[in-house]
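Chains A and B, in that order, are what the protein sequence lines are. Just so it is clear: in the first sequence, position 99 is 99 by the numbering used here, and no numbers are missing. Heads up, the numbering used here is the position in the second sequence plus 431, with the first residue counted as 1.
These aren't lab readings, by the way, just hints derived from the structure by calculation. It cannot be assumed that every hint is accurate.
List of simulated lysine-lysine pairs, DSS-like, C-alpha gap at most 30 angstroms [to be verified]:
1) K36(A) x K89(A)
2) K768(B) x K21(A)
3) K452(B) x K337(A)
4) K530(B) x K36(A)
5) K757(B) x K99(A)
These are the residues of each chain, in order.
2 protein chains.
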Amino acid sequence: MKKNVNIGIIGLGQIGSRLYKEILSKRKDIEIKTGKKINIISISAKNIRKKRSFSFSKKKFCKNPIEITKNSNVDIIFELIGLSDGISKKIVESALANKKHVVTANKALISKHGDYLSLLAEKNKVNLEFEAAVGGGIPILRTIKDGLATNKISKVIGILNGTCNYILSEMENTNESFSNVLKRAQKLGYAEPSNPKLDLNGYDALSKIRILSALSFNKRITKTNCLMNGIEDIDIDDIKMAKKLNFKIKLLGITEIINGKLFERVHPCLVKKKTYIANINGVMNAVILNGTPVGKSVLQGEGAGPGPTSSALMSDLLSILRGNIKYPFGIPNNKRKQIKSYDQKFYSNSFYLRFQVKDKPGVLLSITKAFAKNNISIKNLIQDPDKKNKKAFITIITHQNLEKNFNSLFKNLSKNKFLLKKPTSIRIEKE
Amino acid sequence: MKKNVNIGIIGLGQIGSRLYKEILSKRKDIEIKTGKKINIISISAKNIRKKRSFSFSKKKFCKNPIEITKNSNVDIIFELIGLSDGISKKIVESALANKKHVVTANKALISKHGDYLSLLAEKNKVNLEFEAAVGGGIPILRTIKDGLATNKISKVIGILNGTCNYILSEMENTNESFSNVLKRAQKLGYAEPSNPKLDLNGYDALSKIRILSALSFNKRITKTNCLMNGIEDIDIDDIKMAKKLNFKIKLLGITEIINGKLFERVHPCLVKKKTYIANINGVMNAVILNGTPVGKSVLQGEGAGPGPTSSALMSDLLSILRGNIKYPFGIPNNKRKQIKSYDQKFYSNSFYLRFQVKDKPGVLLSITKAFAKNNISIKNLIQDPDKKNKKAFITIITHQNLEKNFNSLFKNLSKNKFLLKKPTSIRIEKE
Chain A
1 MKKNVNIGII GLGQIGSRLY KEILSKRKDI EIKTGKKINI ISISAKNIRK KRSFSFSKKK
61 FCKNPIEITK NSNVDIIFEL IGLSDGISKK IVESALANKK HVVTANKALI SKHGDYLSLL
121 AEKNKVNLEF EAAVGGGIPI LRTIKDGLAT NKISKVIGIL NGTCNYILSE MENTNESFSN
181 VLKRAQKLGY AEPSNPKLDL NGYDALSKIR ILSALSFNKR ITKTNCLMNG IEDIDIDDIK
241 MAKKLNFKIK LLGITEIING KLFERVHPCL VKKKTYIANI NGVMNAVILN GTPVGKSVLQ
301 GEGAGPGPTS SALMSDLLSI LRGNIKYPFG IPNNKRKQIK SYDQKFYSNS FYLRFQVKDK
361 PGVLLSITKA FAKNNISIKN LIQDPDKKNK KAFITIITHQ NLEKNFNSLF KNLSKNKFLL
421 KKPTSIRIEK E
Chain B
432 MKKNVNIGII GLGQIGSRLY KEILSKRKDI EIKTGKKINI ISISAKNIRK KRSFSFSKKK
492 FCKNPIEITK NSNVDIIFEL IGLSDGISKK IVESALANKK HVVTANKALI SKHGDYLSLL
552 AEKNKVNLEF EAAVGGGIPI LRTIKDGLAT NKISKVIGIL NGTCNYILSE MENTNESFSN
612 VLKRAQKLGY AEPSNPKLDL NGYDALSKIR ILSALSFNKR ITKTNCLMNG IEDIDIDDIK
672 MAKKLNFKIK LLGITEIING KLFERVHPCL VKKKTYIANI NGVMNAVILN GTPVGKSVLQ
732 GEGAGPGPTS SALMSDLLSI LRGNIKYPFG IPNNKRKQIK SYDQKFYSNS FYLRFQVKDK
792 PGVLLSITKA FAKNNISIKN LIQDPDKKNK KAFITIITHQ NLEKNFNSLF KNLSKNKFLL
852 KKPTSIRIEK E
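Pulled out of the complex, with its shape left as it was, chain A reads as follows (with noise of 0.2 angstroms):
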């Protein structure tokens, strides 16, 4: 790479504003560190005249974003306007066909076309970077591709997503609804204002653990359905409950091999109240990894946020500076493995239950029926009546089972009469 490196920033949000900032301070360390000149020579944005807490000359800016792509002054392009599809897609995918460097922050982009893309990075012969995509600030991909380098992971556990560790920990220390939870993390700028459902469905931990999975096990990104289920539904009654039973309750991503074959899930969970996981509160990200040889590793940090983002896109800029052209999956493309999904039914865990009930004589003996007819024992129950509604609450802690049985036992709870709706259930996580 030359001497002189020049960069065109596409999307000037927050992300893209405090990037912008940071390159300008950091131009003297950054030649330091590599030897090279760098110069922000193009930009693009929605708006030109919107507010920005910085200036710059008319002249860098771009309308049409695809005009940078084709820039020939233009060696390095960051996306980071963060759409699946469409226009980010179009930025990226041009980019990279006149042989720029791409770094985005887009989890969704890299997690849908990140396969397609790696390749036409590959073929280009440029950098295809996306640190940012996944735990904000944890320089988390990077560890997995250099500092794990060769270690054989099985297993990645992850918080993900800050939101709804934000909304799950103050749920807990406030004993609030999660509705009310909810419409702070919205004030405060922990949530979406207008549509946080892709935080709160688990979509967006989901995406983060397929570019872990694909990273960890060198494989190409898995595109089929599997577990997902998000926070929406937990109630604070089964906080209280689980804290009761010494638990917590978090929204965790999952990916680990058995038996040869990929499960990869991201559900809320019960941990136990004293493991390393339990104690990530609030907007905090954190990823556990099993590795051989290296035992278990654990990176902590804060996950979103202008800061630790752009924290994560500066060290992908100088990685572009200082090195080779790197394969954007840590492997050549042609040697990415296709794994087989492993079938869940066959998964065998642990369930919490709750259910509310009619408050009537009968109701206990045809719940554990239920329980006994698939063969799920129970490890603990707690019932708690509530005489003025006329109705109970019973609290069931499983025995370790298979998923089908359990599938089988909410088939059979369904037709209960007795059940006033549907139960809660979550899984247990053994750390």
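Starting from the known structure of chain A, arrange chain B on it as the hints suggest.
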């Protein structure tokens, strides 16, 4: 770098042996990831006949390790002997001078001669990598150089010595004495059987803190003395008392910039039970970094042993195989700063103090007078009489004050005729 890369391994103890096998088993993986075919063509160890868990062709064995460093067919040399000077230094010097890349796990060597050796590597345009020297399997050096590159790091706190952390955790769990637990640690291979001093007195942790410091603050390695206390004087009564007061005792390595000056230190600390660092138990290592813009980052993992160490050595190997020549400390040697030392006298913290005193009237008065005289105010005071032996224990938690006032307090107290032995003093660290 050419496609076929030849490796020499010097030192075939636990680490060298594991690395040898690891390299053989990962050759294909390495070729996929880096495009390089690697071969171990030369090895050296004290004793060719020692029983090993693998066999090698005697032709590869070289009695004099310096010969390997001069072998024109060797491209990369692993130095795994581990001395701070002597043959280890000669091997690394000769290898670099002969334009071989060097990988070492030797923290004693790097913390003592790292500046000189990195300059030698830079001059000869080869790599000198030492990820395994700090934090075992935790890729902490690479994280600072790459993952958090361009962050301004202000403070690093670490549990960097597994032996000490194991002993302190075990004392807490079993209520056994330091010497009993040390014996167990030696049996289990967690402490050196013959001379565990360099672990216990803080020297090992200090070597690592100095390397972390150099990388975090882009500075030369500190040569001057600094605060270094070990855990040899920690009594089981201190552990118990700390527990009562909701603290744990940990040996921490800390480096930070205070008003533009450098404060490096290793000493036991009382840390609040609920903090992250208090919950790193057993032989685990952990590092907490405060940086801008990333915020707080935490890395945790196994700190020693052949598995984690060979994971780190392999990451160094891949870094060499994949990349260009890198600066061993992230920036050119002539840009690395000298930072003046912070004067410890002006450091402000609070202390845990435990006194063993005669059970006589006036004792408490004479002690509290000494505190008043030095303007140190007391936050908690607990008196435990031991009537049978006509003595008492007084435990004091102080408010924050300057180290120089504490020094003067200790001087005053040393003359106190009621004191049966030198008081125990442990700093309280707010995470």
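### Query
Which of the listed hints are broken here?
Of the numbered hints given earlier, the structure breaks none, since each of them holds.
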